[in-house]
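Just so you know, the protein sequences line up as chains V and Y, in that order.
The numbering used here puts the first residue of the first sequence at 12, with every later residue one more than the last.
The numbering used here puts the first residue of the second sequence at 9, with every later residue one more than the last.
Hint data in this document are derived by calculation from the structure and do not stem from the laboratory.
Computed from a predicted structure; not experimentally measured.
Every residue, glycine too, gets a C-beta built ideally from N, C-alpha and C.
Heads up, some of the hints might be wrong.
Unchecked claim - Computed cross-link-like contacts, DSS-like style, restricted to lysine-lysine with a CA-CA straight-line distance of at most 30 Å:
| id | chain 1 | residue 1 | chain 2 | residue 2 |
| --- | --- | --- | --- | --- |
| 1 | Y | Lys528 | V | Lys36 |
| 2 | Y | Lys345 | Y | Lys78 |
| 3 | Y | Lys528 | Y | Lys477 |
| 4 | V | Lys186 | V | Lys142 |
| 5 | Y | Lys528 | V | Lys34 |
| 6 | V | Lys38 | Y | Lys528 |
| 7 | Y | Lys283 | Y | Lys254 |
| 8 | Y | Lys355 | Y | Lys345 |
| 9 | V | Lys163 | V | Lys140 |
As the list claims (entries may be wrong) - Have a look at the derived ranges for each label pair, beta carbon to beta carbon:
| id | chain 1 | residue 1 | chain 2 | residue 2 | range |
| --- | --- | --- | --- | --- | --- |
| 10 | V | Arg141 | Y | Val516 | 56 to 64 Å |
| 11 | V | Glu151 | Y | Ile463 | 19 to 27 Å |
| 12 | V | Leu150 | Y | Phe419 | 45 to 53 Å |
| 13 | V | Glu206 | Y | Val516 | 48 to 56 Å |
| 14 | V | Lys163 | Y | Ile30 | 55 to 63 Å |
| 15 | V | Leu150 | Y | Leu26 | 55 to 63 Å |
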Amino acid sequence: MTETLSMPHPQLAAVAIEKAYRKDKHKVPVLRGIDVEVQKGEFLSIVGQSGSGKSTLMHLFGLLDSPDIGEIHLEGQRIDDLPDHARDQIRNRVFGFIFQFYHLLPELNLLENVLSPLMIRYSTWEYWKRKKQFRQDALEIIEKVGLSHRIKHRPSEMSGGEMQRAAIARALIAKPQILLADEPTGNLDSSTGKEIMDLLTSLNEQEQLTIIMVTHDNSIAAQAHRTVRLLEGQIEVLGKSHAASVPA
Amino acid sequence: MYKSLLCLRYLRTRYIALASIISMTLGVATMIVVNSVMDGFSTDMRTRLRGILADVIVETNSLDGEPVTKDIRNSIQRAVGDDIAGMTTTVEIYAMLSVQYGSQWQSKPVTLIGIDPATKATVGPLAQYLEHTKDNDIPNWELSPEAMAYRKEWTTRAQWMVDRWNHNPPPMEENEQVSFEEPVESNEPLPVPKFASDSKTASPFDQAPKPEATQKTNSTVNPFSNDLKASAFEKKEEQDPSSPLKGRVYIGYGLVSFPYEDPETGKTEMFQIVKPGDDVKISTVTAGQPPEPTHFNATVVDLFKSNMSEHDSSLVFCNLEYLQEMRSMIDPTSGEKAITSIQIKLKHPEDAAMVVSKLEEALPAGLFRVRTWEDKQGPLLAAVEVESAILNVLLFLIIAVAGFGILAIFFMITIEKTRDIGVLKALGASSNGIMSIFLSYGLALGLVGSGVGVIVGLLFVRYINEIEKAITWITGRKVFDQRIYYFPEISTHVNPMMVFWVAIGAMVIAVLASILPARKAARFHPVESLRYE
Ligand SMILES: Nc1ncnc2c1ncn2[C@@H]1O[C@H](COP(=O)(O)OP(=O)(O)OP(=O)(O)O)[C@@H](O)[C@H]1O
Ligand SMILES: [Mg+2]
Numbered sequence: 012m013t014e015t016l017s018m019p020h021p022q023l024a025a026v027a028i029e030k031a032y033r034k035d036k037h038k039v040p041v042l043r044g045i046d047v048e049v050q051k052g053e054f055l056s057i058v059g060q061s062g063s064g065k066s067t068l069m070h071l072f073g074l075l076d077s078p079d080i081g082e083i084h085l086e087g088q089r090i091d092d093l094p095d096h097a098r099d100q101i102r103n104r105v106f107g108f109i110f111q112f113y114h115l116l117p118e119l120n121l122l123e124n125v126l127s128p129l130m131i132r133y134s135t136w137e138y139w140k141r142k143k144q145f146r147q148d149a150l151e152i153i154e155k156v157g158l159s160h161r162i163k164h165r166p167s168e169m170s171g172g173e174m175q176r177a178a179i180a181r182a183l184i185a186k187p188q189i190l191l192a193d194e195p196t197g198n199l200d201s202s203t204g205k206e207i208m209d210l211l212t213s214l215n216e217q218e219q220l221t222i223i224m225v226t227h228d229n230s231i232a233a234q235a236h237r238t239v240r241l242l243e244g245q246i247e248v249l250g251k252s253h254a255a256s257v258p259a
Numbered sequence: 009m010y011k012s013l014l015c016l017r018y019l020r021t022r023y024i025a026l027a028s029i030i031s032m033t034l035g036v037a038t039m040i041v042v043n044s045v046m047d048g049f050s051t052d053m054r055t056r057l058r059g060i061l062a063d064v065i066v067e068t069n070s071l072d073g074e075p076v077t078k079d080i081r082n083s084i085q086r087a088v089g090d091d092i093a094g095m096t097t098t099v100e101i102y103a104m105l106s107v108q109y110g111s112q113w114q115s116k117p118v119t120l121i122g123i124d125p126a127t128k129a130t131v132g133p134l135a136q137y138l139e140h141t142k143d144n145d146i147p148n149w150e151l152s153p154e155a156m157a158y159r160k161e162w163t164t165r166a167q168w169m170v171d172r173w174n175h176n177p178p179p180m181e182e183n184e185q186v187s188f189e190e191p192v193e194s195n196e197p198l199p200v201p202k203f204a205s206d207s208k209t210a211s212p213f214d215q216a217p218k219p220e221a222t223q224k225t226n227s228t229v230n231p232f233s234n235d236l237k238a239s240a241f242e243k244k245e246e247q248d249p250s251s252p253l254k255g256r257v258y259i260g261y262g263l264v265s266f267p268y269e270d271p272e273t274g275k276t277e278m279f280q281i282v283k284p285g286d287d288v289k290i291s292t293v294t295a296g297q298p299p300e301p302t303h304f305n306a307t308v309v310d311l312f313k314s315n316m317s318e319h320d321s322s323l324v325f326c327n328l329e330y331l332q333e334m335r336s337m338i339d340p341t342s343g344e345k346a347i348t349s350i351q352i353k354l355k356h357p358e359d360a361a362m363v364v365s366k367l368e369e370a371l372p373a374g375l376f377r378v379r380t381w382e383d384k385q386g387p388l389l390a391a392v393e394v395e396s397a398i399l400n401v402l403l404f405l406i407i408a409v410a411g412f413g414i415l416a417i418f419f420m421i422t423i424e425k426t427r428d429i430g431v432l433k434a435l436g437a438s439s440n441g442i443m444s445i446f447l448s449y450g451l452a453l454g455l456v457g458s459g460v461g462v463i464v465g466l467l468f469v470r471y472i473n474e475i476e477k478a479i480t481w482i483t484g485r486k487v488f489d490q491r492i493y494y495f496p497e498i499s500t501h502v503n504p505m506m507v508f509w510v511a512i513g514a515m516v517i518a519v520l521a522s523i524l525p526a527r528k529a530a531r532f533h534p535v536e537s538l539r540y541e
């Protein structure tokens, strides 16, 4: 493949991942040997039936969970077996998460929600020293997602689309290398969904941000460079047209 | 950073948690109030008990007393002379005090203590407790000018009455209108004429230094049939009747005063039936076997008011020499005077226990008992201490219960926050970070709870007497009746260390109660937390 030639390592890779949930001694296998590679700047979409393990795979990518068998590689380095504090740091610095239900913190206003990854990264003292700069960055990103008029609003005072844009702003504030989006449009009407997709596409194009997106909707999946389908715990490759548009 | 922010936001948005700390606040406040009151009570009681006693008390085993020989003085001096800051000898004996009020005699059991005021004042406060003696004067047995004037006034009036009776005995019916100082209503013939004719044998003012003789004469005449005020001047030919008697006393305030409710104003005032300058009668027993009753009259020099009602209503102080004389405690051959106790004030009161053991060795065995004032009042002090210990345990349980309240509410909050905890972990928060959100939440609740508790408690202590009055006013029942308790008002003593430890204890409980939920929150699996709806 072209990407393996041009780059020694994919940016993110799942290698022979197996994952099963145990329920009352019954093993429920969800993923059975998954191999996925994602290149830098790629926009990958993952589709599949409900219950096929898409979210599970995303959580494994994002180090929120560990595979039973197999490895996750970041820039060729295995990261799934790192100690907790290192995994916490990778989550904070490398990945940005977007969820179907936005998952903003209800006690914080938009600005504070957006700033929360930085608050988590820095100690109080460090944060206060650089508060002005952070605030500036946050305002820029909020501007970019078009929410400048809502910075003092609580999540409960915003619409779904606004909350999802806020969540994207939060995912972007820490300048992540990879955006993990689990059904970002799943809870939105089609026109709002389109706005969000436009935002993601432009981020991918303008800032070369790697995006891995889970979706049900084939038309949305089609906006990605490449789509993989999960079927019975394995990848069913949908090669064709998308692969060609992967940036070299 | 997010920890303190979230912790603050949780505090601000979850008032239910504040409800859980109300019981903590109450617990802290009650603990401070109770401890301050108990502490005030025992501190006050200690100073007052100590005021009557001294650091170390040497008592004779017999009420007859022991003569303080040179040997004994020397051995005390040798054993602990360097530690002594002041020393006095006293005679303590049970007695009856009889006071005339109108035509009636009131008799009460008292503890009669013969003291030398000047040396007594060196072992503990005395002048402070005397109503008509300035605090920094050395107390003595002299009547104040006002007392003298008062005495002169009533003796002159009584003299006039006697003169009138002597020359022109009034018919019985007229007795009704006769008045001395107070209206006298008596059906009995006044005994004055009898005294006037038979003064040598029956007069209590004879003050014969031969106790045996007094004994005999007294046994022939009932001393209580005398009208004291009328008889005070019977020896007018020899002596000015207004000059005070040889026996002098300080009388406990509670013995000669009683609360009197004014029917018009409804106010309770203390009504005093004896003033300095009046005479009272004291009956007790002599030393020796068998003890014989003896009695004497004495002029009241001052009133003793330590504000400890138990003392004020039982103690009568009398001049030591005179009491020794009346109780025949003076050896006729050697002239040595017996005493029943030696009170010693130490330079360093902490050393009391050591001084006691030294004295026990130095003094002849079997005759004396040496104790610190605390030993002597041991049961009373111990009771107060046990009480306050039990109360502390009970009250701390209130705070512990508050701890369980916090525990329960925290569990609810962590469950409510499950999804947010998952989000925080997805954003890179560590388990320790999550835990510290809830720990600092607990600490903040504890801080608020115990802080408010401390303030409420201290305010309550500060205004406790006002609060007592308000409650009395509302309920119409006296909460703190000074006739029942030792002190005229609730005294408090705030020990800063106690306040500190109570506050710290409450905060520790709040933090402990939040550890379990916080650990649980920290262990939430991020994926499961995110799936949680
Ligand atoms: N904690 C768990 N214990 C047991 N089984 C689980 C657990 N979490 C997920 N599963 C199962 O694993 C399978 C995959 O779940 P997952 O959430 O990854 O599916 P999905 O593809 O994201 O579905 P959807 O499109 O509905 O979001 C499901 O069958 C689910 O029931
Ligand atoms: Mg899913």
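How the hints compare with the structure:
1. Y:Lys528 with V:Lys36: holds, 24 Å
2. Y:Lys345 with Y:Lys78: holds, 11 Å
3. Y:Lys528 with Y:Lys477: Distance ~50 Å between Lys528 of chain Y and Lys477 of chain Y Cα, so the pair is violated.
4. V:Lys186 with V:Lys142: holds, 16 Å
5. Y:Lys528 with V:Lys34: OK: Lys528 of chain Y and Lys34 of chain V at ~22 Å, within 30 Å.
6. V:Lys38 with Y:Lys528: holds, 26 Å
7. Y:Lys283 with Y:Lys254: The given pair, whose Cα atoms are some 17 Å apart, holds under the 30 Å limit.
8. Y:Lys355 with Y:Lys345: Given that 30 Å is the threshold and the Cα spacing comes to 27 Å, the pair holds.
9. V:Lys163 with V:Lys140: holds, 22 Å
10. V:Arg141 with Y:Val516: 56 to 64 Å: violated, 35 Å
11. V:Glu151 with Y:Ile463: 19 to 27 Å: Once the Cβ atoms are compared, 46 Å apart, the range 19 to 27 Å for Ile463 of chain Y and Glu151 of chain V is violated.
12. V:Leu150 with Y:Phe419: 45 to 53 Å: This hint is violated: roughly 38 Å between Cβ atoms.
13. V:Glu206 with Y:Val516: 48 to 56 Å: holds, 53 Å
14. V:Lys163 with Y:Ile30: 55 to 63 Å: Violated, at about 32 Å.
15. V:Leu150 with Y:Leu26: 55 to 63 Å: violated, 34 Å
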